[in-house]
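Protein sequences, first through last, are from chains B and V. Read in my numbering, the first sequence has 144 at position 130, and its numbers run on one by one without any break. Read in my numbering, the second sequence has 351 at position 78, and its numbers run on one by one without any break.
Any given hint might turn out to be false.
[Unchecked claim] Covered by chain V, per the in silico footprint, the following chain B stretches (three or more residues, Cβ under 8 Å):
hint, segment
1, 19–32
2, 278–288
[Said to hold, decoys possible] Label-pair ranges, simulated between beta-carbon atoms:
hint, chain 1, residue 1, chain 2, residue 2, range
3, V, Leu517, B, Glu73, 35 to 43 Å
4, V, Ala460, B, Gly250, 33 to 41 Å
5, B, Gly192, V, Arg534, 36 to 44 Å
6, V, Phe452, B, Ile59, 47 to 55 Å
7, B, Ser191, V, Gly494, 26 to 34 Å
8, V, Thr336, B, Phe57, 33 to 41 Å
9, V, Thr532, B, Glu85, 38 to 46 Å
10, V, Asp523, B, Glu177, 38 to 46 Å
11, V, Arg534, B, Glu177, 50 to 58 Å
12, V, Ser529, B, Phe57, 20 to 28 Å
13, B, Ala63, V, Pro485, 53 to 61 Å
The hints are simulated quantities; they were obtained by calculation from the structure and are not laboratory data. No experiment lies behind these values; they were computed from the predicted model shown. For each residue, glycine too, the CB sits at the ideal point set by N, CA and C.
Residue-level listing of the chains:
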Amino acid sequence: MKPAAFQYLAPRSEDELIAILREHGGEARLLAGGQSLVPMMNFRIVSPAVLVDINRIRELAFLNLNEAGIELGALTRHVALEDSAHVKARFSLLAEAIRHVAHRAVRNRGTMGGSLALAYPGAELPLIFVTLGAELRLRSPAGERWLPVASFITGALETALAESEYIASALIPHVPSGAGSAFIEVSRRHGDFALAAAAAVVGLDESGRIHIVQAAVTGGTDVPLRLSATEQALRGAQPSDVIFDEAARAGIDAIEVVGDHHYPVGYRRMLLATVLQRALAAAASRVESGHVH
Amino acid sequence: MPKSGIDDFAHIAIDPSGRIRVQIGTAAAGQGHATATAQIAAAELGVRVEDVDVIDRVDTEVTPWTITTGSYASRFSIVVAAAVRRAAVKLNAQIRAIAAHALDTTPDRLELADGAVHFKERSNRSLSLRQLAGMVQWNRGEFPLHANIQLHVSESYSAPNLASPDAENRVNAAVTYGFMADAALVAIDPRTCLPRVLRYAAVHDVGRAINPQLIRGQMAGGIVHGVAGALYEHCDYDDSGQMLTASFMDYLCPTSAETPRIFVDHHNVPSPFTELGTKGAGENSAMSAPAAIASAVEDALAATGAHIDELPITPGTIWRLLHEAAS
Numbered sequence: 015m016k017p018a019a020f021q022y023l024a025p026r027s028e029d030e031l032i033a034i035l036r037e038h039g040g041e042a043r044l045l046a047g048g049q050s051l052v053p054m055m056n057f058r059i060v061s062p063a064v065l066v067d068i069n070r071i072r073e074l075a076f077l078n079l080n081e082a083g084i085e086l087g088a089l090t091r092h093v094a095l096e097d098s099a100h101v102k103a104r105f106s107l108l109a110e111a112i113r114h115v116a117h118r119a120v121r122n123r124g125t126m127g128g129s130l131a132l133a134y135p136g137a138e139l140p141l142i143f144v145t146l147g148a149e150l151r152l153r154s155p156a157g158e159r160w161l162p163v164a165s166f167i168t169g170a171l172e173t174a175l176a177e178s179e180y181i182a183s184a185l186i187p188h189v190p191s192g193a194g195s196a197f198i199e200v201s202r203r204h205g206d207f208a209l210a211a212a213a214a215v216v217g218l219d220e221s222g223r224i225h226i227v228q229a230a231v232t233g234g235t236d237v238p239l240r241l242s243a244t245e246q247a248l249r250g251a252q253p254s255d256v257i258f259d260e261a262a263r264a265g266i267d268a269i270e271v272v273g274d275h276h277y278p279v280g281y282r283r284m285l286l287a288t289v290l291q292r293a294l295a296a297a298a299s300r301v302e303s304g305h306v307h
Numbered sequence: 274m275p276k277s278g279i280d281d282f283a284h285i286a287i288d289p290s291g292r293i294r295v296q297i298g299t300a301a302a303g304q305g306h307a308t309a310t311a312q313i314a315a316a317e318l319g320v321r322v323e324d325v326d327v328i329d330r331v332d333t334e335v336t337p338w339t340i341t342t343g344s345y346a347s348r349f350s351i352v353v354a355a356a357v358r359r360a361a362v363k364l365n366a367q368i369r370a371i372a373a374h375a376l377d378t379t380p381d382r383l384e385l386a387d388g389a390v391h392f393k394e395r396s397n398r399s400l401s402l403r404q405l406a407g408m409v410q411w412n413r414g415e416f417p418l419h420a421n422i423q424l425h426v427s428e429s430y431s432a433p434n435l436a437s438p439d440a441e442n443r444v445n446a447a448v449t450y451g452f453m454a455d456a457a458l459v460a461i462d463p464r465t466c467l468p469r470v471l472r473y474a475a476v477h478d479v480g481r482a483i484n485p486q487l488i489r490g491q492m493a494g495g496i497v498h499g500v501a502g503a504l505y506e507h508c509d510y511d512d513s514g515q516m517l518t519a520s521f522m523d524y525l526c527p528t529s530a531e532t533p534r535i536f537v538d539h540h541n542v543p544s545p546f547t548e549l550g551t552k553g554a555g556e557n558s559a560m561s562a563p564a565a566i567a568s569a570v571e572d573a574l575a576a577t578g579a580h581i582d583e584l585p586i587t588p589g590t591i592w593r594l595l596h597e598a599a600s
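Chain B extracted, bound-state conformation (with noise of 0.2 Å):
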């Protein structure tokens, strides 16, 4: 199909952007990467009223690394993660994941905001982000605000966002130094969304003991979530698998997971305690074997 009639606009500046909010507002959709977006207008799941293309706003597009962290444009593409040397080398578990979305031409593409601001389920950046702690900065007529992105991502493919307001940048916190992380995504083919996802961050104490755990899973869950029982269970323990498999099935017990007829709610428990055990001791691994943030 072809979509519903809609009106252009392509502002060259966050300042004629917010102008066009202000005027527009709820009946406008900002077009990024457009790999979610023009398809769903073509089967005519959305129509806005107003397309606002937002890929000639330079100032959207950047990466930069400080020592807060990685700071990212909401117009930077997938692979200017992906091809990026100081994104491999400071934040594997990003350079991981990424290439774990979609297809490389739908990377080149498809941007940090896009996939933010679709939050669906089953998508890999949204992951990482609650994972590490991840704050968005939203903009907008009214001004601007800081949001987690854990609170930003409120349901399947619904998020704080107000109506005339944009996603600006993203701020992800460093991995503490000495950690060792890992992604682990398992889908039916390469390149789709996930049936179940887990990141995690482990890093061990002088007596080889887990004192940093950070873990996070999505798929057959509404939204990316941080496992606070899971995380609990490490802290302090000696790795092993049988304590990994443990805080992980603990981890999952602890949240709601929805299941349908082809992936019953006990199999998408099950996938998800394994993807987070297998994340869990990768972590682990790395950090005994030096590969560490």
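Chain V: place on chain B using the hints.
Below, chain V alone, put in the same frame as chain B:
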């Protein structure tokens, strides 16, 4: 009206520049009918494959057609290829008859090779197809008035062992049968229930192979389609009849990443029932792969006593089988 499809045609001509043009009644979708047709015509007419243009498009307003026109039922290499060969043989005779006038000889003393009409015995006289076509095109008056000087012919081929439906409307629709033996190596991760075809081997008997490379492509394509049917592609509806797999995001076609390592071999025995000894290669492992893969999954799940009788085999299916066995 009873229906039977036992024949097909080929029309073949030399154009004024000396190139060969063949028109057939199948419409290939990547099988390589044009290439195979060009090979058959080139061999009979003593020209290079690249000197043959093939029209394998059907338009019922301007091209001949019958109930069986089109590309299906492994008809190409059985009836169409035979018609192409017969038409090429007929055009070969026609070319020699016309050339005999120009070279002041008889057709039986001539042969076609290297894009020209030569004397079978040693002679320094010859006529290229380009020269011959030019003469016929531009100077018909050089030839005897009542001679047939047309440089285009049609031929058809009818399979001798096919007939119309009987009184009970039964019909044998297969001239010949290809054979195959397939083996699939499938791994299932018990903690994700994801099945993965690691290796796939197929041995085929396609009779005489017109073009082994094209056939290998057909086999690989068939195997991937078989993997699709076994593990991925699904027309799925909800209780109200709404299709749930209406886009390629939900209707899962396997990609190169899901394709196993493929081994194809042949044990080809020419068919005694077809003009070229061919048996048809199009309906290949696409049919056997789902059965082979389902058997491999059953074998992997043997401890559960599982019986796979539904496709595609999804992770959910495998989880249920393992889950039921455990509880």
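How the hints compare with the structure:
1. Closer than 8 Å: that is the beta-carbon criterion, and the segment 19–32 of chain B has 0 residues meeting it against chain V, so the requirement of 3 is violated.
2. Given a C-beta distance limit of less than 8 Å, the hint that chain V covers the segment 278–288 of chain B holds, as 6 residues qualify and 3 suffice.
3. Range check, Leu517 (chain V) to Glu73 (chain B): about 42 Å between beta-carbon atoms, so the 35 to 43 Å window is met.
4. Roughly 37 Å separates the CB atoms of Ala460 (chain V) and Gly250 (chain B), a value that falls within the hinted 33 to 41 Å.
5. For the pair Gly192 (chain B) and Arg534 (chain V), the supplied restraint of 36 to 44 Å holds, since their beta-carbon distance comes to about 41 Å.
6. Under the hint 47 to 55 Å, the C-beta atoms of Phe452 (chain V) and Ile59 (chain B), about 48 Å apart, fit the expected range.
7. Separated by about 51 Å at the C-beta atoms, Ser191 (chain B) and Gly494 (chain V) break the suggested range of 26 to 34 Å.
8. As the Cβ distance of Thr336 (chain V) to Phe57 (chain B) is approximately 38 Å, the hint placing it in 33 to 41 Å holds.
9. One distance hint, 38 to 46 Å for the beta-carbon pair Thr532 (chain V) and Glu85 (chain B), holds here, with the actual separation near 40 Å.
10. One distance hint, 38 to 46 Å for the beta-carbon pair Asp523 (chain V) and Glu177 (chain B), is violated here, with the actual separation near 30 Å.
11. Taking the beta carbon of each, Arg534 (chain V) and Glu177 (chain B) are about 53 Å apart, inside 50 to 58 Å as hinted.
12. Hint check: Ser529 (chain V) to Phe57 (chain B), Cβ distance near 26 Å, so the stated range 20 to 28 Å holds.
13. Here the CB-CB span from Ala63 (chain B) to Pro485 (chain V) is close to 59 Å, well matched to the stated 53 to 61 Å.
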